[in-house]
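Colleague: Residues per chain, in single letters:
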Amino acid sequence: ETGVTQSPTHLIKTRGQQVTLRCSSQSGHNTVSWYQQALGQGPQFIFQYYREEENGRGNFPPRFSGLQFPNYSSELNVNALELDDSALYLCASSLGARLNTEAFFGQGTRLTVV
Amino acid sequence: AQKVTQVQTEISVVEKEDVTLDCVYETRDTTYYLFWYKQPPSGELVFLIRRNSFDEQNEISGRYSWNFQKSTSSFNFTITASQVVDSAVYFCALSEASNAGNMLTFGGGTRLMVKP
Chain A
1 ETGVTQSPTH LIKTRGQQVT LRCSSQSGHN TVSWYQQALG QGPQFIFQYY
51 REEENGRGNF PPRFSGLQFP NYSSELNVNA LELDDSALYL CASSLGARLN
101 TEAFFGQGTR LTVV
Chain B
1001 AQKVTQVQTE ISVVEKEDVT LDCVYETRDT TYYLFWYKQP PSGELVFLIR
1051 RNSFDEQNEI SGRYSWNFQK STSSFNFTIT ASQVVDSAVY FCALSEASNA
1101 GNMLTFGGGT RLMVKP
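Residue numbers (this note's numbering), protein chains in the order written: chain A, 1 to 114; chain B, 1001 to 1116.
Rather than coming from a laboratory, the hints here were simulated on the basis of the structure. Heads up, a few of these hints could be off.
Coverage of chain B stretches by chain A, computed from C-beta distances (three or more under 8 Å per stretch; other residues unrestricted) [stated by the list, open to error]:
1) 1044 to 1053
2) 1106 to 1112
Quick list of simulated restraints, FRET-style, between CB atoms [to be verified]:
3) 8(A) with 1111(B): 42 to 52 Å
4) 1063(B) with 3(A): 39 to 49 Å
5) 40(A) with 1003(B): 13 to 23 Å
No residue lacks a Cβ here, since even glycine has one placed at the ideal position from N, Cα and C.
So that you can see chain A by itself, here it is in the shape it has in the complex (with noise of 0.2 Å):
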């Protein structure tokens, strides 16, 4: 085990609707970055936060947004659900996001869109 949990497991929601994502990162980790999987992909960078500031994020529109808690976890937000966010959600924690700082990743949210 990691260390890193994340909430809920799975869910399922409706198109149009507004998901929330949780993250608890590992003891002392003060990173979060945040992961799309979709089925039978590798996963894609939605975003990194590195002391509640955003420190990058890769190529997603403006309605996946996302917080970063003094205590270090993390939300990620999804409004305006589509069907092509049916994914796997991971996050990763890390101590640092010096580019050769190793990333501990969470089991994931399954999130089904329907």
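Dock chain B against the given chain A, drawing on the hints supplied.
Modeller: Below, chain B without anything else, positioned relative to chain A:
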């Protein structure tokens, strides 16, 4: 063009066979890191190895070995004497100095099935 390419989408072997998973990457950075992760059915990505762009020394860890060749932009992963527990999806990933923090760019993954 994809930055990280894993041409083998699925490999099936019989237990005790050796298997090599290929990874080819593309970057303009001189400083970068390459990773391999294992994803079992539970979904969590398990870190296997990290290699920096200045260290081409091959590495062996038990039944696992990695061959990094900058000349061909490849970072291949070999499992010797495969076991059923090795069955999983394996991802190669790249972290570049020109990108945010320790952002990872993943390949499409290779599903390895080891049959008894």
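Colleague: All hints are to be evaluated individually against the structure, with a verdict given for each.
Modeller: Hint by hint, here is what the structure shows:
1. 1044 to 1053: holds (count 6)
2. 1106 to 1112: holds (count 4)
3. 8(A) with 1111(B): 42 to 52 Å: The hint (42 to 52 Å, Cβ to Cβ) is violated, given that residue 8(A) and residue 1111(B) are roughly 26 Å apart.
4. 1063(B) with 3(A): 39 to 49 Å: For residue 3(A) against residue 1063(B), whose Cβ atoms are near 26 Å apart, the range 39 to 49 Å is violated.
5. 40(A) with 1003(B): 13 to 23 Å: holds, 18 Å
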